[in-house]
Amino acid sequence: MSIFIDDTTRLVVQGITGRDGSFHTRQMAAYGTQVVAGVTPGKGGQTFELDDGSQVPIFDTVEDAVEETAANASVIYVPPAFAASAIMEAADAGIDFITAITEGVPVQDMARANAYVLDCGARLLGPNCPGLISPGKAKVGIIPAQITTPGPVGVISRSGTLTYEAVNQLTQAGIGQTTCVGIGGDPIIGTDFIDCLEAFQEDPDTEAIVMIGEIGGTDEQDAARWVNQHVDVPVIGFIAGQTAPPGRRMGHAGAIISGSAGTAEEKMKTFEENGIAVAKRPVDIRDLVKEALGV
Amino acid sequence: MSIFIDDTTRLVVQGITGRDGSFHTRQMAAYGTQVVAGVTPGKGGQTFELDDGSQVPIFDTVEDAVEETAANASVIYVPPAFAASAIMEAADAGIDFITAITEGVPVQDMARANAYVLDCGARLLGPNCPGLISPGKAKVGIIPAQITTPGPVGVISRSGTLTYEAVNQLTQAGIGQTTCVGIGGDPIIGTDFIDCLEAFQEDPDTEAIVMIGEIGGTDEQDAARWVNQHVDVPVIGFIAGQTAPPGRRMGHAGAIISGSAGTAEEKMKTFEENGIAVAKRPVDIRDLVKEALGV
Amino acid sequence: MDIHEYQAKELFRNAGVPVPPGEVVTTPEEAEAAAASFGGQVVVKAQVHTGGRGKAGGVKLASSPEEARAHAEKILGMDIKGFTVEKVLVTPAEDIETEAYVGVLVDRSTQSPVFMVSPEGGVDIEEVAETNPEAIRKVAIDPRYGLLPHQAYAMAAFLYDEPSQVKQATKIIGQLHDAFTANACSLAEINPLIVTPAGEVKAIDAKVSIDESGLFRLPEVEAYRDLDSEPASETKAREAGLSFVKLDGNVGCCVNGAGLAMATMDLVKYYGGEPANFLDIGGSSNPDKVVAALEIITSDPSVEVILFNIFGGITRCDDVAKGIVEATKRIDIETPIFIRLTGTNETEALEILKEAGFSAYTSMDEVVETAVQHAAKA
Amino acid sequence: MDIHEYQAKELFRNAGVPVPPGEVVTTPEEAEAAAASFGGQVVVKAQVHTGGRGKAGGVKLASSPEEARAHAEKILGMDIKGFTVEKVLVTPAEDIETEAYVGVLVDRSTQSPVFMVSPEGGVDIEEVAETNPEAIRKVAIDPRYGLLPHQAYAMAAFLYDEPSQVKQATKIIGQLHDAFTANACSLAEINPLIVTPAGEVKAIDAKVSIDESGLFRLPEVEAYRDLDSEPASETKAREAGLSFVKLDGNVGCCVNGAGLAMATMDLVKYYGGEPANFLDIGGSSNPDKVVAALEIITSDPSVEVILFNIFGGITRCDDVAKGIVEATKRIDIETPIFIRLTGTNETEALEILKEAGFSAYTSMDEVVETAVQHAAKA
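Chains as they are written, first to last, in the working numbering: chain Y, 693 to 987; chain L, 693 to 987; chain G, 20 to 397; chain B, 20 to 397.
One should not assume that every hint holds.
Said to hold, decoys possible - Partial list, derived from the structure: chain B residues whose beta carbon lies under 8 Å from chain Y:
id	residue
1	S131
2	A203
3	Y243
4	L286
Said to hold, decoys possible - A short list of chain Y residues far from chain B (calculated; beta carbon distances all over 12 Å):
id	residue
5	T739
6	E741
7	D743
8	G882
9	H922
10	E958
Think of the hints as simulated: they come from the structure by calculation, not from any bench.
In this text, a Cβ means the ideal position worked out from N, Cα and C, and glycines have one as well.
Next comes chain Y alone, as it looks inside the complex (with noise of 0.2 Å):
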């Protein structure tokens, strides 16, 4: 099993014609995603050649896209100015699962989507995330597949690259993965971590979570109080930004630490608090996943 997205997703990409877009959804489709449909407004009839020289059909919407594709998932990879109404319009054509990658979407434009995409009844994944892979089954985003393996452990994780690395390295020790998502470094976002670890807690096949948090916010807190409510298998989390200086923007736009919230020795100390083994360096988590599967 994996969770959100599996060999069942029917995948539209938003901006299937634009430089990422194009690029990723190569890979995607590479992967064994089934990529059913692209959307780029005005290019709606033409079609958009994979590798294999197979075409994926373009639509001027996502609504035609659904109609036509029956698709279920969307991937946006449109420019920030019109990433939350990209997101919108996924929600509205009915698709029940939306992953946004677009970096720097104005926040309170995000506020309203998320709204949206609630009062539609949908989930939405990002912005500004690596997306998702289930091993061996679907990757939607542009986390590098070649990483990882299918296996018992869920990544969860609001950072991209620190997350590739210590998938890596699980996969290098031979402990693969059911899905590893990247939730995203702003500070709205729709899927948070609580939402993954209940679908994680749901998933039969996830034997072990490994949540990788970092400065700014609380959600890790929360994450760790709802990890010692309702979690039953073990949760090993990690915190990026130990050195960081408080009132400083690292890169994400979420990454800040406000007032006394948000530090990441108050993380991990809350980590610790709710029985989440902490890893003090990212090599340290691919060693306390090993423990806990008493491998």
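Model the placement of chains L, G and B on the given structure of chain Y, informed by the hints.
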């Protein structure tokens, strides 16, 4: 039994110190309704004296009123410019049942306010309605209590005085009512015929239902179809505006025939098709109810 | 409240919608001058609050200022469905490649604004709805979010294939929505939205209805009210705070409450009569309102009888009775008056009326039947 | 992006908030002239992107133009928490009866804007939150509806008892919300919101942070960016499309990805070193970016070693390696460089680096430990 309000209703009056608000507060309290609070911004801390000398506390906000008095219903007598805001305030404060008497609320204001009420999980009656009365239990709004009496008939109406006419005739014929609800004559209203039908259908004491409609919209037709499928007790219908010319607004903002829909003829036809006994004259309502109840 | 095409175009222009220029004139001379100032072909369009102007001969193409003058001469003063043409709009004629329809109205069933768009414009949209419903796309606008960009785009893409036209129409749909919300519209439509041979998308006709309840915030829109376009009696009624609609019968009706007023009219018809009007005096028993009501009713020469139907609930019947007596003292009325009063303080009211020499009834059917019979004899 | 008090006040004034006048000056002479033009007492306020100006002596009351000049002389050039004061705001002193706090910020947990108001203004709101949480009222603003009138009223009524003050504050709260949404703010606050002896409610201090992601729509707000108030290295990084934060250590870090960059800094610390910076070069392997990154890092004299940590996912390691080689050809670097590259095309990348004479690692721990040891020796 009755619907929406009864002797457990704890009412807050929004606009209690205004001309209409103060007059009707006295009337409602005199009828036995539990008027537990009033709201007039800037007059918080004062009290409003009822005819029996008892004092109703006045608050600046509905939130304060709810906190202090556990009010669960509100009635709104504020000017049109503030009515939509007053409705949203009541919903936000956790009021379950909101009755808006105010006439002339801008319809686009109402579209937003109505959405807000639904988002808060509350029920709105009105605006531009006479309110409702559950004879012998409670009265919220402006329906003259003396024309009503407890009994087995549920009355739903888009109009004010026309309802009084019909109810008065029932009462004079010795036929009482469970609840009389005036849903109001605006294009966008909170509680519609079907909401009331549903409530009456679930009320074991309601043995017949009177529906008084008028020209404009297709609510009566929708209600008629609903009656056909879900209502077990006899329903008697009347439609005002058989002689109204198309395209002219007959007093109520909602009483206007646009295009082919919304004529009295069409509505009466749909009533008949769905098993609703149609009264040609107001006086026929009483006779059809008598027939239906076998009295 | 309906406003004229030229006023609707002004609102649309303010919101940024591309609308060709135009001049509103009231004389043939001015029409000629306006046509000359635009140069080329112009269209002379009657400004009246009714549809079907084209069929009635109220819209004419003119190739020269002289022709514009001649058309204006014919159109000004013309009667279209009971409305006299007082003004014409002179506007440059546009070359048209395609005609679409774009409208937004407050929809009762979805309780929200709903857009309707169709590539089949330039004709009555209700006709399209009946003959070719697939050519219409409806989009409900969630009042919590307003029009969303993807909705505007999807509608524009339904109207046009050419990306430049889709882009222009997307923008226009947004601007129309802005005009709709900023002006408390209950209806705002562009019909037709044309594409010119140069590929420009433009609104060449405009129709707007304003929600009367929203006017208190919009004095500049309230000022659009064209008193010439409605019967003087309706203006007077509105100023007195009465709801009044003139009809064609001879039984003048004065009722408290809109529903009861309609039911009274219906009952007049039921007993074989014809109501002369709809009139709701509201909940007030203010003699000034009763005076105004009586003045309005009696100013209609067709009225043979005056029928009062008052249900006293909150309104006390004795107050209304006093109002009627007071009113009939202030103005001289020869038309017979039939009064039904029932409800709160009914007994006192009937006393007051009888003392003043009025027939007074307590049954609605009885008073209506009597009034109708009297009118028939007159 | 933080903006200065005088800029925040400009945004608030544009939204209608009553803000006393003020003049921003850069010399004591100008301060004197500004004070003279206002007359009476003025306040001279340091304009720096940090709090605690008052305690640091950056805010002074002056009774005369001469005194204003003297204060400006002291304040200009002053260092407040690492920020040099380049500008002061001269503004008329207000008589103060009460001081309140009104702020709105994007709240992560409710995923919406949240207002915070307190009658205890003029002090640090975080302090109030700790010592007297009941004196703070928080109201979440549903992004679907925006600030609702009853919410603004309830907050104003929490601040004041006097109806006129409640009315003024209700309006100001609405205007603050307008400014917040119109300018893509992540934070907008008035502290204190004062009441004058005449009963007027006014904003006499203002603080605004702008969501960087929203700036593309707001060129006039982008123009508020004060390049003098940030290290030149950060300006250069932003212009090159890099995320960079200057720190105090001696290990210059160059990483792809914000999370990995933080983790790399943490690991530097873990092995006993101190990072000189946070630097995320993003997903690009463009040599121009690598050049800019190296220029920025080497411009810091504290830097003893340069540490690259690249995880090639979508980014190909050989591309980054080429970028590093190319960059070191273009600029002359004497600082030792330690490079870790792993992931896509790692083998090719290590080959390229070795050929160019660089040490190259594949383990993050190994490279960090080595770099830190080297820096310690330097």
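Status of the hints after comparison with the structure:
{"no.": "1", "hint": "S131", "in the structure": "holds, 5 Å"}
{"no.": "2", "hint": "A203", "in the structure": "holds, 6 Å"}
{"no.": "3", "hint": "Y243", "in the structure": "violated, 17 Å"}
{"no.": "4", "hint": "L286", "in the structure": "holds, 6 Å"}
{"no.": "5", "hint": "T739", "in the structure": "holds, 24 Å"}
{"no.": "6", "hint": "E741", "in the structure": "holds, 20 Å"}
{"no.": "7", "hint": "D743", "in the structure": "holds, 16 Å"}
{"no.": "8", "hint": "G882", "in the structure": "violated, 9 Å"}
{"no.": "9", "hint": "H922", "in the structure": "holds, 19 Å"}
{"no.": "10", "hint": "E958", "in the structure": "holds, 15 Å"}
Violation of the numbered hints given earlier is confined to hints 3, 8; the remaining hints are satisfied by the structure.
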